[in-house]
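Visitor: Following the hints, complete the assembly by docking chains H and L onto the known chain F.
Chain by chain, the residues:
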Amino acid sequence: MKKRLKELAEWVNGEVVGEGEVEISGVAAIEEAKVGEITFIANKKYLPKLSETKASAVIVSKEVAPSNKPLLRVANPYLAFVKILTLFFQKTDQPKGIDPNAWISPTAQLGRELTIYPYAYIGDRCRIGDHVILHPGVYVGEDSSIGEESILYPNVSIYSGTMIGKRAILHSGVVVGADGFGYVKDGMKNVKIPQVGGVIIEDDVEIGANTTIDRATLGKTIIRRGVKIDNLVQIAHNVVIGEDSIIVAQVGIAGSTKIGKNVTLAGQVGVADHIEIGDNVMVGAQSGVGQDLPANQGYNGSPVLPYRESLRAITVFQKLPDMKKTLIEMEKRLKKIEETLSAKGKEK
Amino acid sequence: MKKRLKELAEWVNGEVVGEGEVEISGVAAIEEAKVGEITFIANKKYLPKLSETKASAVIVSKEVAPSNKPLLRVANPYLAFVKILTLFFQKTDQPKGIDPNAWISPTAQLGRELTIYPYAYIGDRCRIGDHVILHPGVYVGEDSSIGEESILYPNVSIYSGTMIGKRAILHSGVVVGADGFGYVKDGMKNVKIPQVGGVIIEDDVEIGANTTIDRATLGKTIIRRGVKIDNLVQIAHNVVIGEDSIIVAQVGIAGSTKIGKNVTLAGQVGVADHIEIGDNVMVGAQSGVGQDLPANQGYNGSPVLPYRESLRAITVFQKLPDMKKTLIEMEKRLKKIEETLSAKGKEK
Amino acid sequence: MKKRLKELAEWVNGEVVGEGEVEISGVAAIEEAKVGEITFIANKKYLPKLSETKASAVIVSKEVAPSNKPLLRVANPYLAFVKILTLFFQKTDQPKGIDPNAWISPTAQLGRELTIYPYAYIGDRCRIGDHVILHPGVYVGEDSSIGEESILYPNVSIYSGTMIGKRAILHSGVVVGADGFGYVKDGMKNVKIPQVGGVIIEDDVEIGANTTIDRATLGKTIIRRGVKIDNLVQIAHNVVIGEDSIIVAQVGIAGSTKIGKNVTLAGQVGVADHIEIGDNVMVGAQSGVGQDLPANQGYNGSPVLPYRESLRAITVFQKLPDMKKTLIEMEKRLKKIEETLSAKGKEK
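Chains as they are written, first to last, in my numbering: chain F, 1 to 348; chain H, 1 to 348; chain L, 1 to 348.
Because the hints were derived from the structure by calculation, they are not lab data.
Misleading hints may appear alongside valid ones.
Treat identical chains as interchangeable: a pair holds within one or across any two.
Below, computed lysine-lysine pairings styled on DSSO-like, alpha-carbon distance capped at 30 Å [as the list claims (entries may be wrong)]:
1. Lys220 with Lys332
2. Lys34 with Lys2
3. Lys344 with Lys319
4. Lys54 with Lys185
5. Lys96 with Lys192
6. Lys335 with Lys45
7. Lys336 with Lys325
8. Lys69 with Lys3
One chain only, chain F, in its complex shape (with noise of 0.2 Å):
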């Protein structure tokens, strides 16, 4: 696919600033760009690069000054960039058909323009929408619903009763609808409290590989709008999580817990079971939170502390052999103290 750069600035909205006949091919970082493709630079910093990069064009924010490159100005140079990427890379793979290597129940409902891959299986009952994509070994329990333009890749495993909207992505492993892990003991054994709940993951949400996601035990887990959630998370039972927040890597959450909307939970972060984080919070890596987060904050630690008190109680914890001897120190500067002034007393 070739691009004239007068329409790369209409897809995104921007001013070109020299040449705009030349053609664009490709993208690619600014070191790495060869003529014909399309770079950018994101912070001035970087803005000496302009003379030496072999770009064809360069995206830059609206205050650069023109260069002898061809510039496409823009508000926000990144976003310009990926939106450039999606422009270049967007797939157009024709929908595949449904492979008769796939089993699909009679009673299920199935929207146009499918690819279902061997090996998958599609349950009773269940809907599915136009345009999914199903990969090989992917499960669909029965009474479950896809959303069109969704995309679940090789063995997902969604348990019956689970509700998936539009435009989702579901990386290979995803296990949504599972058991919530709820036991009560009677004596010493563990009996198991039905989980009879169920999971609604509502539009573009994409979801990383091998993530988990349980079903609640009464009502449901709900994932939200534009929720973005990383590799290798653990979302219990009953969790509902807010609009366009975004869990990163190996992040755990137990039972019941509420999350705001845009909220940044960073990597192997714990937060324990009825909790609720409020919009807007950032939470560093490998916190442990386990009481109620306030909205519009940022958390770090294990327990959590608001964000400056946690950093400035860490740099105090690395320096705790030091201040340990400055006290050990002090303590005997003090004892003498104590001896002078006894003897002085005797003295009189």
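Guide: For chains H and L alone, kept in the frame of chain F given last:
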């Protein structure tokens, strides 16, 4: 399904106070319960809700006074609720037989009343007990056995030579019997130590989605009767977990560690190799266990301390910046005193 | 299989002391070994067991004195033991060919002596080397290649365009080549950054069950020769791991981080994005790495410190409540002295 309240009372060994003929057709939490449903109150502070709930009957503890609402009095209301929930939601599906799209070795021994879905695979010389359910994409390697009434959800992988007991529940993506992680250095090169042992999973074990349990180097990795394991847990080669223990999500247990009976490891705990953890131990979330833990105690922290000690240390940790300020200020006061005394000494 | 002791000596380049004609038919730990088996002593403190073991021969280090038991003296007894274990347990299975229930693209290039099980899937234009074994449920996406003698266990998912070297072992549930986790904000919305790079896994790599290795955004995620990765590890887009490094279970490595050669990351370690870790570094379990780590050292803690510093800080941390008591008590003593001096001042 409908049951009279007095029938439910027999089922859970409880006592009806009020109208025992009332018909119950469902189960719900106290605020969502509708007419015809039964709910429960496990904690006295919720007793005022007795007069507000729309439920047709309420499970309460033995000392609760009669009310205008029919009551079901029992020793443990939550346990009784779970038992009634189980009664109402028990699956009565008939076995579906063996799908012609499953692959089954001619040398496998199959029990009666099986449900084997398409794309399941049963290797040579396996023994599959009565009433077992193998979902799509389940792999059972050669010489393995699965006890009666066990359920393996989609895409579970059981390596060869694994023994699984009765009534086991293995959720999607579980891997049992992969090679333990063992190498010996030959210069810089890592030489693989053959992993020629196996895995034994006893009766009534439940294993969460995408959890991994490695085979032993020599001997067996053993998960004892009644153990419950959550999602994304790592259990290394030669580990032994004692009866009725609870292993919460994302815990990692390194090689050859022995866990006692009725132990609880909370989420994201890590346990080093060759450790012994005694019976009835509880370990707090995200803790790191690098030493043996005596029985019947709680522990917390990374590295772990006895529970209360850990909380005390954490409390002080969070005040470290204040403590450091105090220390600096005290040092100044100390210096001032020393100067005063030194000046006085010179005065003389 | 049976081997004479002198044959085993040749196999591991060792020296027989005593009867070299003794027949060995198996391998066991020193306490379980029976007549006809060989065992080993790697640590001098176990030498007294030489006279107690029932083994027919014992592998020992070069300086061990002759005994009434046949000895096999070598430079590294444990390594020799592993080599003999490998000899006795090597699989001699004949290739099983391609099962008619596997799905193989007509454009795939297949090597010789393959074993392709039912329900494996090989996409368009893939290249599969000689002697490769693909178990049930393995998915190999289009344009990928698998080097000779590699084994992919059940339900492994390889996304399109992945290159895997020779003698690789990928355990069940491994996912290679899923999209890296990258978004750019457009207002509140998270816009997906296309992940158009790939993954290269070089020769002699082993990857544990349910581990995930993401494809690069642009360029390649690279796992170099001889790297060994345990279960449930997360390796993000554009990461590079150097030769012979060891990555223990549940480690997470964020985007674009470069790990040197012969590095060991212990269990549950987290490494932030865009970090460089030098050759021969060792990082302790549960550590958090947020900065570059120079080569040839040990580190520990979250955030990491040099190993000894970390241990010292932890030691003081565990005594913090005592330290706080001391501080409070010292402050009282200080105040008392100040009052004494002030009173004296007034006396004058």
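Visitor: Now tell me if each hint is right for this structure.
Guide: Taking the hints in turn, this is what the structure says about them:
no.	hint	result
1	Lys220 with Lys332	neither (63 Å within a copy, 57 Å between copies)
2	Lys34 with Lys2	within (14 Å within a copy, 63 Å between copies)
3	Lys344 with Lys319	neither (38 Å within a copy, 36 Å between copies)
4	Lys54 with Lys185	between (68 Å within a copy, 28 Å between copies)
5	Lys96 with Lys192	between (43 Å within a copy, 25 Å between copies)
6	Lys335 with Lys45	neither (57 Å within a copy, 49 Å between copies)
7	Lys336 with Lys325	both (17 Å within a copy, 20 Å between copies)
8	Lys69 with Lys3	within (17 Å within a copy, 74 Å between copies)
The structure fails hints 1, 3, 6 (numbered hints given earlier, in ascending order).
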